[in-house]
Amino acid sequence: MKILGIDPGLRVCGYACLESDGDKDTLVEAGVLRTSGGSALEAKLNQIAEDMDCLLEKFGPEIVAVEQLYSHYTHPRTAILMGHARGVILQRCAQAGVEVKSFSATRIKKSITGNGRASKEQVQRTIQTVLSLSCLPEPSDVADAIAAAICCANSFGIAQPAGTPQ
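Take 131 as the starting number for the sequence shown in this note's numbering and just add one per residue.
Everything labelled a hint here was simulated from the structure, so no lab data went into it.
Each statement offered as a hint is correct.
Calculated lysine-lysine pairs in the BS3-like style (CA-CA distance at most 30 Å, straight line):
1. Lys132 x Lys231
2. Lys250 x Lys132
3. Lys250 x Lys240
Keep in mind that this is a model prediction, so the values were computed, not measured.
All chains, full assembly: derive it from the sequences and hints.
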């Protein structure tokens with residue numbers, strides 16, 4: 131089964147394609163999608179939509195795992211802007227007929243490390259270990275996308291990499 135993990139962002143979106151065969155998770159590809167910093171909001175959203183179409187076509191995932199939005203009460207504008215990007219991502223998945231699963235950041239961290247309040251570094255190191263990567267997954271947007279995909283696989287009991295708590 132192919133799972134496409136997405137860490138939504140307006141300027142940078144992390145993505146990761148994970149293939150799970152029931153015994154083992156394998157990272158197919160991971161990276162970031164970037165929009166132009168000076169572009170208008172509608173241009174950024176259009177770029178995200180086009181990039182999502184390319185990812186969905188390239189990988190043909192059965193499921194897309196997306197991190198849910200979180201907003202601290204002192205920064206509500208951030209959640210609103212992120213919601214635009216997440217909405218475009220969800221719409222493109224719906225248009226392509228791909229199932230979407232959303233997970234909170236704490237659930238993703240708990241699925242990966244056993245601790246819902248784990249640091250970004252803990253998540254990166256755990257991902258490196260369980261997927262036998264030669265280096266830490268960076269930037270953090272990529273690590274977050276990989277973590278969302280692994281969390282999704284874990285939630286279905288598709289695969290349980292060694293050292294990953296249930």
